[in-house]
Amino acid sequence: MRYLTARKRAEGKGASGTGTEHHWYMQASAVALAFLVPAFLYVVGSAIGSSHEEVLATFSRPFPAILTGLTLYAGVMHFNKGAQMMIEDYARGSMRKALIIFVIGLSYTTIATGVFALAKIAL
Amino acid sequence: MADVNRGERPLSPHLSIYRPQMTSMSSILTRITGNALIIAVIMVVWWLLAAATSAEYFELANGLLTSWFGRIVLLLSTLGIWYHFLAGLRHLYFDAGHGLDIETAEKLGWGCIAGSFVLTAITVLVV
Numbered sequence: 001m002r003y004l005t006a007r008k009r010a011e012g013k014g015a016s017g018t019g020t021e022h023h024w025y026m027q028a029s030a031v032a033l034a035f036l037v038p039a040f041l042y043v044v045g046s047a048i049g050s051s052h053e054e055v056l057a058t059f060s061r062p063f064p065a066i067l068t069g070l071t072l073y074a075g076v077m078h079f080n081k082g083a084q085m086m087i088e089d090y091a092r093g094s095m096r097k098a099l100i101i102f103v104i105g106l107s108y109t110t111i112a113t114g115v116f117a118l119a120k121i122a123l
Numbered sequence: 001m002a003d004v005n006r007g008e009r010p011l012s013p014h015l016s017i018y019r020p021q022m023t024s025m026s027s028i029l030t031r032i033t034g035n036a037l038i039i040a041v042i043m044v045v046w047w048l049l050a051a052a053t054s055a056e057y058f059e060l061a062n063g064l065l066t067s068w069f070g071r072i073v074l075l076l077s078t079l080g081i082w083y084h085f086l087a088g089l090r091h092l093y094f095d096a097g098h099g100l101d102i103e104t105a106e107k108l109g110w111g112c113i114a115g116s117f118v119l120t121a122i123t124v125l126v127v
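Residue numbers (this note's numbering), protein chains in the order written: chain A, 1 to 123; chain B, 1 to 127.
Mixed in with the good hints, there may be bad ones.
[Claimed, not checked] Each pair of labels, with its calculated beta carbon distance range:
| hint | chain 1 | residue 1 | chain 2 | residue 2 | range |
| --- | --- | --- | --- | --- | --- |
| 1 | A | H23 | B | W110 | 24 to 34 Å |
| 2 | B | L89 | A | Y3 | 39 to 49 Å |
| 3 | B | I39 | A | A91 | 34 to 44 Å |
By construction, these hints were calculated from the structure, which means they are not laboratory data. Positions of the beta carbon are idealized from the N, C-alpha and C atoms, including for glycine.
Only chain B is shown next, with the shape it has when bound in the complex:
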C-alpha cells in the first residue's frame, strides 16, 4: 500500500553489498570528481579576488597556485574535470536512451578514463 515505510526507506546506493563493477565505479567517480572540483573553483576564485585586490595579495595567491602543492591540485583538478566532462557527455547519451547494454556501457566507462588522461595531457601541453 501507499503508506508502507514512508520516510525510513533505505538510503540510495547500497555501496557495501555490490561487487565493484566498471559501470558502478565509473558512476561513483563522476560524483567524486564533480564534488571535489569545488575545491579548485574556490582556489581560482580566491586567486581572482587576490588579483582584484592588490599586487601583494596576488603574489601570495599566485605563489600558492604555482607552488608544487598548487600544481598538483590543479593537475588533479584538470584530470577530474575532463573525467567529469566525458562522463557527463556519456550521461547525456544514456539519458537519450543509447548505450545502455552492459558491453557498451563498460566500453564507454573505459573510454571516459582513457579520454580524461589524453585530454589532461593535451591541456598540459597547450596551456
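Looking at chain A on its own, in the form it has when it is part of the complex:
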C-alpha cells in the first residue's frame, strides 16, 4: 500500500504536470483571436477570388501580411491545444499519444507553410 493521499497527488502542478498553463493559453489566445479573426476574415475573404496580381499586392502590404501571419499562428496553436484536449477526452494509451503527435506535426507544418508563403510574397 502506498502512503500517498489524494491531496498529495493534486498538489503543485497536478496530474498534467503543467498546472493551469493549458487552460490559460486557451483563454489568452481566445482573447487575441477575438480581435484578429474579424479583421482576418475581412482581409483574406476579400482577397479570395481576386486576381493573382491583386493577391500579391495585398499580401505585400505590411498590415495584411502581419495580420495573416499572426492570425495563422495564434489560430493554429489554439487548434493544436484544443485538438489535444479533444483527443485526451476520447482516446487513451498509444492511440492518444500518436494522435496528439500527429496534431502537433500538422499544426507546425501548417504554420510553417503559411509563413513561408507570406514571406515569399511580401519580401
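Following the hints, position chain B against chain A.
What follows is chain B alone, placed relative to chain A:
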C-alpha cells in the same frame, strides 16, 4: 484512497447516457466547429502557397476555392468560425464565473446559434 482506479478511469463525456440538452449541444458544437476549421485553414494556406509559387498554380487553387464546392466549404467555415467565436466569448464569460445558471446558459446557447447566422450573413454581404 489515492490509488483507486488510476489510468483506467472512464473517458470524459459519457455521450451515450445523457439526454441532449441545449447546454451540452452548444458545448459539443464548439468543439466540432473548432476542430473542423483546420480544414479551412489548410485550404487558405494552400491557396497562399499557390499565390506565392506561380500564376498557373494560383489559378488552380483560386479556381478550387471559388468553385461551388469551395464556396460551400468557405461558407460553412464562416458559419463555423462565427459560432466558435461567440461560443468562445461565452466560455470566457463562464470562466469569469458569470451566466452559469441554467436559464442564462441556455439563452446564451441560443444567442450563439442565432448570432453566428447573423454574423455570417453580414460577412457574406461585406466581403
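Outcome of the hint check:
1. Between H23 (chain A) and W110 (chain B) the beta carbon distance is about 26 Å. The supplied range of 24 to 34 Å therefore holds.
2. For L89 (chain B) and Y3 (chain A), the Cβ-Cβ distance of about 46 Å falls inside the hinted range of 39 to 49 Å, so the restraint holds.
3. As the Cβ distance of I39 (chain B) to A91 (chain A) is approximately 20 Å, the hint placing it in 34 to 44 Å is violated.
Violated hint: 3 only; the structure is consistent with all others.
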